[in-house]
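Chains as they are written, first to last, in numbering that gives the first Met the number 0: chain B, 0 to 309; chain Z, 0 to 217.
Source of the hints: derived by calculation from the structure; they are not laboratory data. Some clues are possibly wrong.
Not the full set, but computed from the structure, chain Z residues with beta-carbon under 10 Å of chain B [to be verified]:
(1) G88
(2) A90
(3) Y92
(4) S94
(5) S96
(6) F146
(7) E155
(8) N159
All figures in this text were calculated on a predicted structure; none of them were measured in a lab. For each residue, glycine too, the CB sits at the ideal point set by N, CA and C.
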Amino acid sequence: MTEHTPIENRYDFTILFDVENGNPNGDPDSGNMPRVDIETGNGLVTDVCIKRKIRDYVQLAMDGEFPWRIYIQNRKTLNRLDAEALEAEGIKAPLENKDLAKEIKALKKNDPKLDRRLRDYMCANFFDIRTFGAVMTTFVKGNLASGQVRGPVQLGFARSIDPVDVQEISITRIAVTTEADAAEKNNTMGNKFIIPYGLYRMNGYVSAKLAQNITGFCNEDLDMLWQAILNMFEFDRSAARGNMAVRKLYVFKHSSALGDAPSWKLFDAIDVHKRDDVDVARRFSDYDIKVNKETIPSSITVDELVDHGV
Amino acid sequence: MPIRLEVWGERALFTRPEFKTERVTYDVMTPSAARGILDAIFWHPGLYWRVDRIHVLNPIRFDNIRRNEVDSVVVASKIRSMAEGNGDGGAIYASESIQQRSSMVLRDVRYVIDAHFELLRNKMSLTDSAAKFQNIFVRRASKGQCFHHPYFGTREFPANFRLWEGDDDPIGFEQGHRELGYMFYDFDYHDSAHPNPLFFRAALDNGVLDLESVEVRS
Chain B
0 MTEHTPIENR YDFTILFDVE NGNPNGDPDS GNMPRVDIET GNGLVTDVCI KRKIRDYVQL
60 AMDGEFPWRI YIQNRKTLNR LDAEALEAEG IKAPLENKDL AKEIKALKKN DPKLDRRLRD
120 YMCANFFDIR TFGAVMTTFV KGNLASGQVR GPVQLGFARS IDPVDVQEIS ITRIAVTTEA
180 DAAEKNNTMG NKFIIPYGLY RMNGYVSAKL AQNITGFCNE DLDMLWQAIL NMFEFDRSAA
240 RGNMAVRKLY VFKHSSALGD APSWKLFDAI DVHKRDDVDV ARRFSDYDIK VNKETIPSSI
300 TVDELVDHGV
Chain Z
0 MPIRLEVWGE RALFTRPEFK TERVTYDVMT PSAARGILDA IFWHPGLYWR VDRIHVLNPI
60 RFDNIRRNEV DSVVVASKIR SMAEGNGDGG AIYASESIQQ RSSMVLRDVR YVIDAHFELL
120 RNKMSLTDSA AKFQNIFVRR ASKGQCFHHP YFGTREFPAN FRLWEGDDDP IGFEQGHREL
180 GYMFYDFDYH DSAHPNPLFF RAALDNGVLD LESVEVRS
């Protein structure tokens with residue numbers, strides 16, 4: 000992305016999202032029950048779960064277009080299958096970013112700079128590698144660190160504000176899969192887990208220095224990231240998820256690459272509480288959110304992003 | 000010139016090298032992970048961090064997390080042929096490369112790191128000095144500045160940090176002696192193409208992991 004300059008400011012951000020009658024993130028260790036911290040009862044959603052949704056949104060919105068391609072994909076896209084068919088017929092898909100391709104082709108086999116070039120090529124082409132990083136093999140043989148690209152965007156786990164209650168719902172279906180079953184019974188039972196309501200909070204970090212020194216993550220990428228976060232559940236509907244929505248995205252912009260204040264102080268400034276007159280929370284309006292601006296240094300701007308325009 | 004940094008977070012994963020597929024954490028932070036936190040705040044080619052002590056302030060508690068992961072990495076040769084116009088670079092399809100792996104992690108951790116840095120004179124410029132490095136670190140740590148956000152072992156477990164306030168020594172979570180067995184110390188990078196893992200016999204005394212008088216071996 001030679002024409003785009005990497006971001007120059009550090010950012011911290013907080014996402015508030017909720018689930019209604021759904022399972023935001025199943026736990027493979029407990030039969031796909033929603034993840035719950037067993038000591039506190041709070042619901043959990045892993046970092047990789049949210050990263051998956053960000054990738055999927057960008058894949059869907061940009062349709063694999065340069066430079067928004069996604070390296071770690073959920074499933075094979077129709078385009079890819081088309082391309083494979085074409086390739087089988089001996090027709091190669093046209094390549095974007097031809098200059099760099101030529102350069103790489105021209106480089107000698109054992110050029111030590113080749114690794115760097117390949118890494119830059121990956122970062123230039125793939126939004127997810129530019130954003131989250133990737134592990135690449137043997138870019139320089141034996142040197143452990145060189146194959147690892149650390150992306151500027153880092154996410155923690157999401158945790159629900161209050162303990163969630165997990166309900167197991169038994170369901171039946173009329174159709175039966177096998178003939179043998181059909182002879183014995185005329186329906187089967189299944190079960191699904193839901194959380195009636197949960198408001199979750201996830202914190203994240205964007206390092207300008209990693210963007211500048213390694214992946215070239217730029218302002219256009221940052222806007223794409225916010226857009227992806229705001230819309231990440233809009234295209235992830237399924238029987239399991241119920242109603243999920245991003246309710247708030249708070250972005251703290253520091254005045255410099257290194258930052259002006261500790262992240263935890265900024266996160267502490269956003270206070271999310273169940274309203275006193277609410278016994279059991281069942282909707283977003285059962286929560287009060289207060290941003291204590293006086294504890295945030297004036298050099299840091301706080302933006303509440305709510306643009307849900309797709 | 001020693002520094003004293005308080006770090007804390009909700010979870011931590013200091014993976015034992017012998018249990019790295021289904022990851023199991025060490026009981027406490029490794030010196031290598033502590034160095035990683037310091038490096039994330041300030042690093043310069045002219046210095047390297049030496050961790051002297053790690054004070055363990057919270058009881059050692061575990062939690063288990065199983066996640067869907069991919070089993071592949073980006074392959075350089077495929078990237079090369081993609082750049083030359085062939086194939087898709089071996090994009091990783093999560094549904095095909097799926098692997099479920101569990102991690103045994105620590106929860107609610109809080110440590111105080113005592114450390115100092117040593118200088119590499121040949122990598123320093125004329126205006127560099129120990130005092131300058133020290134000041135940069137202290138300034139950054141007190142303002143919450145960092146090169147990238149530090150973490151406890153893996154990036155999904157962010158570490159909060161601040162300079163230790165007050166003159167009192169931190170108080171460990173327990174009294175007495177606790178053996179932790181052989182523990183990873185750090186890599187020896189003298190031969191940068193073949194970093195050599197170093198280990199030491201770890202023990203907590205009144206909640207403090209002493210690293211000054213331990214024997215480190217490969």
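Now for the hints, and whether the structure bears them out:
Given hint, G88 (chain Z) at the interface with chain B, holds; its Cβ is 7 Å from that chain's nearest Cβ, closer than 10 Å. Taking 10 Å as the C-beta contact cut-off toward chain B, the hint placing A90 (chain Z) at the interface holds, the least distance being around 6 Å. Hint status for Y92 (chain Z) relative to chain B: holds, with the closest Cβ pair at about 5 Å, below 10 Å. A distance limit of 10 Å between C-beta atoms decides the matter here; for S94 (chain Z) the minimum to chain B is near 5 Å, and the interface restraint holds.
Taking 10 Å as the C-beta contact cut-off toward chain B, the hint placing S96 (chain Z) at the interface holds, the least distance being around 9 Å. For the restraint placing F146 (chain Z) at the interface with chain B, the shortest Cβ-Cβ distance is roughly 5 Å, inside the 10 Å limit, so the hint holds. Restraint check, E155 (chain Z) versus chain B: the minimum CB separation of about 4 Å is within 10 Å; hint holds. The closest approach between the C-beta of N159 (chain Z) and any C-beta of chain B is roughly 4 Å, which is under the 10 Å cut-off, so the hint is satisfied.
Comparing the model with each earlier hint shows no violations; every hint is respected.
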